[in-house]
Every structure is written in structure tokens, then in C-alpha cells.
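Asker: So you can see what is in the structure, the chains are spelled out below.
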Amino acid sequence: MPAADFRAAAGPALADPQLRANFRRAMDGLMSKRAAVFADRDEWTALRSLGATIRARSLLQLPDLLERLEAKLTENGVKVHWAETIEQGNAIFKQILSGHDARRLVKGKSMVSEEMGLNHALEAEGIEVVEADLGEYIIQLDHEKPSHIIMPAIHKNKQQIARLFSQKIKDAAYTEDVDHLTGLARRVLRQKFAEADAGVSGVNVAVAETGTLVLVENEGNGRMCTTIPKLHIAVMGLEKVVERLEEVPPVLSLLTRSATAQPITTYVNMISGPRRPGEKDGPQELHLVILDNGRSRVFADPQLRNTLRCIRCGACMNHCPVYTRVGGHAYPGVYPGPIGKILTPQILGMETAGDLPHASSLCNACVEVCPVEIPIASLLVRLRSEAIRPRRQADSGPGVVRGAGSQRDAAETWTWRGWALAYRVPLLYRLTSFLLSRFGWALPQRLPLLKEWTTVRSRPQFAPQTLHELARREKVSNE
Amino acid sequence: MNSARNSILGRLRTASGKEALPAENFAVVAPRGWSAEQRLDRMRRMMEAVHTEFLDSRGEDWLGQLQGWLARENIPGLIYAPATPLGRRLSTGWSGSVPLIAYDRAMAEWKEDFFGQAAAGITGTRGGIAETGSLIVWTDADEPRSLSLVPPVHVAVLEVNRLYDTFWQAMREQKWAAGMPTNLLLISGPSKTADIEQTLAYGVHGPKRLLVVLVDGE
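Residue numbers (my numbering), protein chains in the order written: chain B, 1 to 479; chain G, 1001 to 1218.
Pulled out of the complex, with its shape left as it was, chain B reads as follows:
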């Protein structure tokens, strides 16, 4: 289940050596493999600049592109639905499924569906939802949420998975052999694909020009979900659209190389409609659910809008020193790591996720690897200031971050005001530094106002003389 409080969840995660070892090993591997596939700096720079331009252009034309996408998909025989909230999105799913009396679902990996809590909503209606991506299948068996957006079960090692399979899969003996474990999942899930009433998938890129939904994957479970059942429902966040088909190759190249260092995934599945007359397979009905869930609000701010460029490659988390140490489960919401730190507070609101933008040293590693040039560090700084925006400026109107100002705290506000005043008024500055140098030793080791700092660090030792005094004594001119 999503952690409610990053600070509270980070502590136990940091103290778990197994978890930290699993993440450390995985992230080190991903970083070095990614560096190798982008070894040609000129190519990386040119490709990244093209990717950033494509995504920037998509956002500049977003409402037009969504309308063109809808029109083209409709022409191709796809039914398009719009959901402002996750409740609306789940209701659309329920309505479509009940119209087909669909009780058994197979599902490809989709972070938007995680965001919607779709499985939970459908299971409450008595519908069986089977996650078919191997990683998602593993965590579904263990009732967990993904700890990584590309490799959802990365927090588990093979011993843990072997135990899980032997407990949860019928007739499965304990084995740590990865091929054998994979074979077990294949056996169970093949049956599910053949029996399913409907398939659910996400969308990596939607093309307005041709009305095409592009999905990338290695396993073939996504193709199963979109090919075998008679009904296919795809779901996407409204930012996923691009204008033209020719924009797909550079975006996919950046996506797969950034995510897993692959030049391409095993399958690139381009779907432009349901089964046509005469075709022997493919779904007879195809639906697309376009989800807003706060995205149009993010879109309203020209700086924060850049959050929506994201193509969900996960490179930012792979390179994040915070993510590597606490893992994905410590983050509230479903998107962990740097992208989660900028997206989740905007979606869930600052009241619930206002501490996330602080879970960063602003080291800039995520910015350096982001394939679409999202200025994550600047957005983190911006969100930190949004969290403490004076309340009178913070209303709920468009372009204002949800819950802005909710982290504002009188003691902190006055401390900073005092700090600012001391730096503006020379006499006050001298007085303050004089008092701290002479009487700072008398301050207690744990300061109530600075407890965030002093609980994990020693109180600073004050010099017995101020810098100004030392400079005067050493006869430094222009002090």
C-alpha cells in the first residue's frame, strides 16, 4: 500500500539491509548499462534534444492533438472515453465491462491504472484482474505496489520470489532457477490469456496523425492482452499524445535505452483499431480511456507543465541517490523517485505529499539523464516554495498547485524573516554574530526549532570570535 508519509516510511527502508542491497545492485547495473548505450555523446545530445522538442511540441498543441487523436481513433473504430478523475475512470471501466459481462481480465503493465487503483475498484465488483507482466504478477501475488515503474518487483530477490511462487502457485515446488520460475508464470498466465473476457493495457505513445496506440514490451503479455480477448480497453494519461507517426522512433529510442539500455524492446506493438471485417483475431471492440486526474491543472502552469513531458523511462530513479537508498515503497503515490517527487505532490496535493520535494539533495543526476530534458531540480525548488506559499496567495484556482501553502509554518516563516533582517541590517548582523560567538556554547544540543537538523547532526560549534573580529585583528582591508 502507498506510504502515507515519506519521512516515516524512509526510516525502516534505510534500516533494511536486504532491501538496500537489492536496490543498490539493480541501480548500479542499470546505470552502467545505460551509460554504455549512450556512449556516443553527440548522438545522445542530438537525440535528446529531438525528444525534448517532440514532447514540448506535443504539449504546446495538447488540446488540438487530443481532439485529432479522438477523431482519428473514432474513424478507426475505437471508442474514446474521457475521465476527469480516477473515480470517473474506474466507472467507465466498470460500465464497459458490465456491458460485455466480462468477469475475467488480463492486464498489461500500466502505471496509470495503478494511479487509478483500477484493480482494487474492479475486484470490488467481483471481477478477476490478473496482472500479466511477470514483475507485476509477482507483486500482485504478494499484495504489493510496484517499487519501480519499469521493473515493479525489483525490490525482491529470487529467493523471495521462489518462496512466494511455491506458496501461491498450485503444484509449484520451491526453486531458485529463474528459467523455471519464469516457466511457472508462463504456464499459469497462458491459461488466463486464453480464458480472459477482456484485456487491459496502458499506452506508451498515442499518435494523433494516424490514431495509433504504441506499446513497448519484452514479454509478449501486452500483445496477449491486446490480441487474444474479444475486448481491449487501453488507458492513458492525457499527456501521452504526439502529433505525427515519425515522432515515434526517436521517442521510443530514448525510452527503451534510458529504461533498460535496450536499443529496442522485443515488441513494439502499434495498434490502430479493433479487428476489421475478415480479420481472424484481435479484439472485436477497442476502447481508450483518457485520464486527466490533475494533469490539466499541472498543464496550467507554464513551468510545472514540463512535468508532463515525461515518457516514464525511470532513468531518473535509477540515478537517484535517494531512491537507491530508500526504494520505491517509501514514496506516497505510485510514481517513485524524482519524477514522483515532482508529479505526486501536484496530483495528490501538497497537504499529502508536500514533503516529497524535500527528499532530494538537488544533486542534478536526474536532470542529466532525463531523455526529454525535464528540469526536475528547478521544479523541485519551485514546489518547495509552493508548499510554503503565503496562504493569501494560495487559492484553489487554475494554475495554482493543489494544496499550495499547506506546509507553511509560523515558526519557520519567522525564523527566515529574522534571518533576512539580520543580513539586511549590519548592526543587527554584528550583534547576532557577536552573541552567538560568545554565548552560542550555551545553546542546548537539541534545539526545538532546528530539530529536523539536530536529530541527525551535531549542533554547530560556534567560533569564539566572529569573522569580522578576526579580519580586523589580521588587518584585512575591505573586510
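Derived by calculation from the structure, the hints in this document are not laboratory data. Every clue listed holds true.
In silico DSSO-like cross-links for lysine-lysine, where the CA-CA straight-line distance does not exceed 27 angstroms:
| no. | chain 1 | residue 1 | chain 2 | residue 2 |
| --- | --- | --- | --- | --- |
| 1 | B | Lys-230 | B | Lys-94 |
| 2 | G | Lys-1175 | B | Lys-79 |
| 3 | B | Lys-33 | G | Lys-1208 |
| 4 | B | Lys-158 | G | Lys-1208 |
| 5 | B | Lys-94 | B | Lys-145 |
| 6 | B | Lys-170 | G | Lys-1111 |
| 7 | B | Lys-170 | G | Lys-1208 |
| 8 | B | Lys-168 | B | Lys-145 |
| 9 | G | Lys-1111 | B | Lys-230 |
| 10 | G | Lys-1208 | B | Lys-230 |
| 11 | G | Lys-1208 | B | Lys-168 |
Got chain B; can you put chain G on it based on the hints?
Answerer: Frame of chain B; chain G shown alone:
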């Protein structure tokens, strides 16, 4: 949910400005200027790196070679799509001990057998992409989507004169945007996963093996 549509689009329109669109430079995904030989070399190297097998039948009787391969690998039957150009060649020229099975009806009519008993499926390709080592599989009424997905072995026939340097080049020269099929696929190896400790395992949900038969172009 028309009201949801209108309010979402309304909010997006209110926030949209009149900024000029930045120009795109596709040079980085444009053709590399490789020779035919370089393209084929790269195609093989990229695909073999992810466990694709090749049967080089250029200048040979590829039907006979394929029959030999299937027999050697003890594959009990080969499912094919009879109405494609490839299917017509197969049905007229096939003579080996391994039976050909026609995919000539809707999948629903034989789903259980297809899932339970299919050993291998053969499809054509619309060429390949050398840079990434990818086959272009264009499905339609004659070429089913599931033929390259459900059977544990996928055999793909690739004409060596239909290789492109890059994905971008292939889609432009074949004019995909002018008319997409319901399902267009790039296939770059057998099905695989690394979801358990990032250890690669092949054949998770799709084919466990992919054989590319290289043939001379028409």
C-alpha cells in the same frame, strides 16, 4: 462523459498560449548510409545478441532448408497463413515430413487447440530494421496477429533486399502514416523478461524461439 471531455479540453485550451512550435531535426534518426552488406551484418548481430536464430537460405532452396530445420528440431507442425503471398508459396512448394497447418478460420473457432497444441507459426515480414535488429510484421485479414505470438516457435521469412538502416527510414519509405493496419509490429527477438533479479529469461509469454529465414528478394 461528454461533460468530462469538454471540461478537460476547456481547461487545456484556457491554459494554452500562442507560442510558435520549435523546429524538429530528425537527422539523428535518418538513414546511416550503410551498404547492403553492413545492414545485413548489423541485423544479424543485433538479433543474435537477443537469442534470435538465423537460417541463411540465400541462393538456396529455402523451403527445403526450412523443412530440414523443422525436422531436426523435432517440431511437429507449422501453422501458416494460406492467403498471403508467402502462404501460397508454402502450400504449393511444401513437401517435407512436417505438416503445414492452415490458419484459415477465426481464432475463436480453434482457440483451445491453437493455445494447447501449436508448435510453430510462420509469418512474412515487410523487411527489417538494421539499427535495432527488428522485423516489420504487418498483420491484416490474411496475416493474423496471433501467428507470431502464440506458437512457441516463430519463423519469420525476411527478404534481404528489404532492410532499412533505421526505424524512421522504414516508416517513411513504406509510407506507414498513409494507412496503418490494425496491428503493426516490430519484433526484435523471442519473448523475454528480466523481472526476476534482472536475470534474462527467454520465452515468458510469447515465442520461446525466433527463427529468421533469410531469402533473396524478388
